[in-house]
Amino acid sequence: MDTFLQVTAYGLLQGGLLALVAVGFSLVWGIMNIVNLSHGAFVILGAYIAWEVQGWFGLDPFLGMFVSAIVLFCVGYVIQRYLINLIVNGPVFITLLLTFGINMALIQGMNLVFTADFRSIQTSYGSNSFEIGNIRIPLVRLLAFLLAIVITFALVAFVKRTRTGISIMATGMDRGAARLMGIRARHVYALTFAISAALAGMAGTMIATIETFDPSKAGKFTLMAFVVAVLGGLGNMYGALVGGLLIGLVEAWAGQYLSGTWVNGIAFLVLILVLIFRPNGLVGKAFYAARVEI
Amino acid sequence: MTTMNKGIQGLKGKGSQRTMLEGALVLIVIALALVIRTKLPGGELRAVSTIFMFIALSQAWNIIGGFTGYASFGQVVFFGMGGYFTAVVMLKFHFSFWLALPLAGVFAAVFAALIGQPLLKLKGHYFAIATLGVAEGMREVVINLPDLTGGGAGISVPIAGTFAKTQYLGDAGFYLLFLGLALFAVGIGTLVSRNKFGYGLRAIHQNEDAAAAVGINTVRSKVMAYSLSAFITGVVGASYVFQQVTIFPERLFDVEITVLMIMMVVIGGSGTVVGPLLGAIGLQFISEYLREHFTNVHTFILAAIIILAVILIPQGAVNYFREGRRTKDYSLLANIRRYRL
Chain A
1 MDTFLQVTAY GLLQGGLLAL VAVGFSLVWG IMNIVNLSHG AFVILGAYIA WEVQGWFGLD
61 PFLGMFVSAI VLFCVGYVIQ RYLINLIVNG PVFITLLLTF GINMALIQGM NLVFTADFRS
121 IQTSYGSNSF EIGNIRIPLV RLLAFLLAIV ITFALVAFVK RTRTGISIMA TGMDRGAARL
181 MGIRARHVYA LTFAISAALA GMAGTMIATI ETFDPSKAGK FTLMAFVVAV LGGLGNMYGA
241 LVGGLLIGLV EAWAGQYLSG TWVNGIAFLV LILVLIFRPN GLVGKAFYAA RVEI
Chain B
1 MTTMNKGIQG LKGKGSQRTM LEGALVLIVI ALALVIRTKL PGGELRAVST IFMFIALSQA
61 WNIIGGFTGY ASFGQVVFFG MGGYFTAVVM LKFHFSFWLA LPLAGVFAAV FAALIGQPLL
121 KLKGHYFAIA TLGVAEGMRE VVINLPDLTG GGAGISVPIA GTFAKTQYLG DAGFYLLFLG
181 LALFAVGIGT LVSRNKFGYG LRAIHQNEDA AAAVGINTVR SKVMAYSLSA FITGVVGASY
241 VFQQVTIFPE RLFDVEITVL MIMMVVIGGS GTVVGPLLGA IGLQFISEYL REHFTNVHTF
301 ILAAIIILAV ILIPQGAVNY FREGRRTKDY SLLANIRRYR L
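If you read the protein sequences in the order shown, they are chains A and B. Under my numbering, the residue at position 166 of the first sequence is numbered 166, and the numbers go up by one with no gaps. Under my numbering, the residue at position 15 of the second sequence is numbered 15, and the numbers go up by one with no gaps.
In short, the hints are calculated from the structure, not lab data.
Dumping the calculated SDA-like pairs for lysine to any residue here, alpha-carbon to alpha-carbon at most 25 Å:
no., chain 1, residue 1, chain 2, residue 2
1, A, K217, B, G151
2, B, K123, A, G90
3, B, K121, A, L273
What you are looking at is a predicted structure, and each value in this text was computed from that prediction instead of being measured.
Next comes chain B alone, as it looks inside the complex (with noise of 0.2 Å):
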């Protein structure tokens, strides 16, 4: 009894130490990003925005296709929906950007509880056709409402004259909002990864039968995950849409949006914290470095690395790494023997 609950104690013990130190990590990490934002030039603070910005969408795809498992192939579509929600209501009902950017959060998830109901029935290549499905029609409802949505030519968001309830934020404005939002996107995914809703995402993901047969409500966990995820994509296409000003229906609910969040999150590895957090950080990095150096081929190179790192390690960078830790085995042929023919 003693032995146990000092083993239970030392576990603890271990926990606590654990969160203390990740604490400090997050608190250096912070602190650099803010030291960082005084020494960058207006371009280079705008490229760390952008991967901020990709940060939070990595961990939003994470909730819904790296816990879940179910693989939204149009999450860009609540992107595209907060973004545009906050166009129309700073631009028609004069709201101040931060009263606009929680509700187009909520405007999102209320989409994708409503969605999810129908949608999230459907299995595997379905459940993708059906969410790109949902995602491409929406851009033609943009498109063919001209007079709530600009249509085609595009909607601009008031930054200055008397309607204009928020000023511009600027390029630092802009770096502090979007690592506020990568700070939030993490920690909801440091918490769901945790917790008991978690946990049963991931029983989900591994076989929905029995995850049902143990008590979880699958239905609800599955709408709750998704809807969560639309939040953080809705409240970050908000706050693209406030940096971008002018924004086209091409634009915000391009398809490449949501490779990119995918991508990360596969590279990266799908179903942890870290893992998309790194993908995002790394892919677009290396992508900024190609458009600048290689400008004619950098599709090409992108195109290149998206092929290898599927074949290569399909399990994502940090379960690689993992998986080789404790089985002392690296080797890129046993990935390739996992899925081939």
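Chain A on its own, in the form it takes in the complex (with noise of 0.2 Å):
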């Protein structure tokens, strides 16, 4: 009963993790309808910032992750628009090529500057845990899913409460009717994108408190965010929560009790059946398919 304790305590803190690398790529799926393949580098590239400011000026990665937040916003902001914004009505391939280009360019330019190696975040209180009854939780870890929480609700509220954040929702119901009323739809486009962008690079800064990375890792966590945005509902950020929050459990579940890798399988046959029987997520409702597009 203990294992089966524990395991679950870290599948649900690797959940809050999966749901914060999720939640911008769901963003953007359903605002503006790319998918964006880029999604894992952009993720990795917000670890290796956090990992030189940590070197260059020690700043502790709880810092560094807003100064990988910052460059990242820069980064995706410039990318949807003056990239993506150019085919933005083409069709399907057309996006999904243009964001696999522009993952590629990404990862090899993190080869070529950072080098293929495995790399970590190192912090005095990294191997720091205290116990709850007989379940040990790793403090570096309840410190990030805490944060993946609160970010996740900060969004939410951002979308909600705020003019900008209306005006994203607005373009994301109606493309054409938002335009009539005056909303730059290239400017919130590329909001909405560096936004998605930014959540990548702290999610990042946290995955490298806990584990190592390298840039072959970035295909890795593109896959976990399609798995976790289509379980929890495009465009549906309480959605990815709980969509990485099932995933996070189910893996480290699987990880315990099945042999091998059979894992990732499980996460695939999962992310198909609900495409093909809960299109629209299993706790989203049918939200964007009345959008129009202008």
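Using the supplied hints, reconstruct the complex from the two chains, each of which is provided in its own coordinate frame.
In structure tokens, the structure reads:
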């Protein structure tokens, strides 16, 4: 029983991180109907930036992640405004190919600049942990988990309560009408993508404090973001949180009780089944299905 | 009446003239390919064989992605399954390669028909992501069945000794095999492009509801297109495995193979037969050239080419020049205006 509780706790903590990786991806897919294949590269880039910042200035990763977020915000804004906006109305495989090209360029760039060695961000409190009953909770994982929850709620508040956030939602619902109301769709799209990239950067920093990273891990995070976003329902930010926790739990349990790497296979099976039977996600409603794009 | 008859005869005459011209062109190309074979050293033979392989793959993707408009982002799954089928039956059941080859295609086609029933109901990104999920998931299945597939450690096809029913073909042999596959795939592409089935697929691409309304069985057409494309991909995968001898799941289910197929179709011109053909030759040639001369940054340049091509000629080179000839407008800015926000 203790093992089960321990595994469950780990799964939940890992799930929070997955949710943070996926929430931005889900936002971009939901608002702009773009599947961003370079999302995982943003995550890894965020990790490298925080790693460099710690190396140069000795800045703690929990502060360094804001540097990552700011840099990636700018990178994301430029990529959407000057590249993706140019083909937003194209067929599916055009947008997929463009983001895949960006992904290739980013990963190769990171390979050249940082080499393909494994890295991780070390902190003085990195190995601390505490126990509740018989369950051991590592401090850094708990902090990262709490942060993921706070950021998700902050994002929801931003989108629902601020003028900018509401303009993002409006553009996602009906771009033509939003433009007629004086919303600059190009800017709003770029802003949405920038926010998504910034969140990916924060998630990357958190991941770097917990496990090792290198450029080749980007694909794994992109795929995880798919699975979580589809499970939660596109553009549904609470959905991403639920989806992330669910996948975290499933992964932890499968890792404990199944042999080999069946875990990943199960994640993809869940993805395909959800796509076929509940394409709006487990907690989503048919909100984006009815949107109009002009 | 007579003028009309003359008109029809004129059309027919033009058609048969065109067919003859194309036949002559194909014969010249085959003759050239056979002459080249005797002149090239081994390494170059392998490089040209790879070009042939990608011609076949891009033609296969074009049937489902180009004609039908379903962006199969997990096409590599048929490549991998055809390949693993061949490796397993040759190693465990001592099949000859020539028997395994068509069976691998059938295996991939049947698999495509099974997953196609539910998946082809999905549209746009959902179909793309679901097929990607199938490919990634299937790789995990292969890794986790080590008794059958060798798992992550890989599997080797017998090419010599008592269990080897088929001797290894060698560089020149594989050159011929892949040339044959490329011709086969281009032939199938041409056939699909010109018959009723192909026009049905194009109709589905443009408007699926309207296509159903004029009497096209959309479900059956889509599944058939998917299976046909899977058959070609599976056969190519089988040949690739025999050429490589030892194979690993990471390589055989590599998403980059899918992306290359799509790139070749898109750069060349999707929905045409010539487009993917030229796209495959051009991109593979550029890629090899870059790998040789700019080893460190070749992925970088390739990524830049992908990004620029997708933005500047999203409809593909062949369609770009066709439209340009019709409208007398070769402006790249007009291309950007088409899809931008």
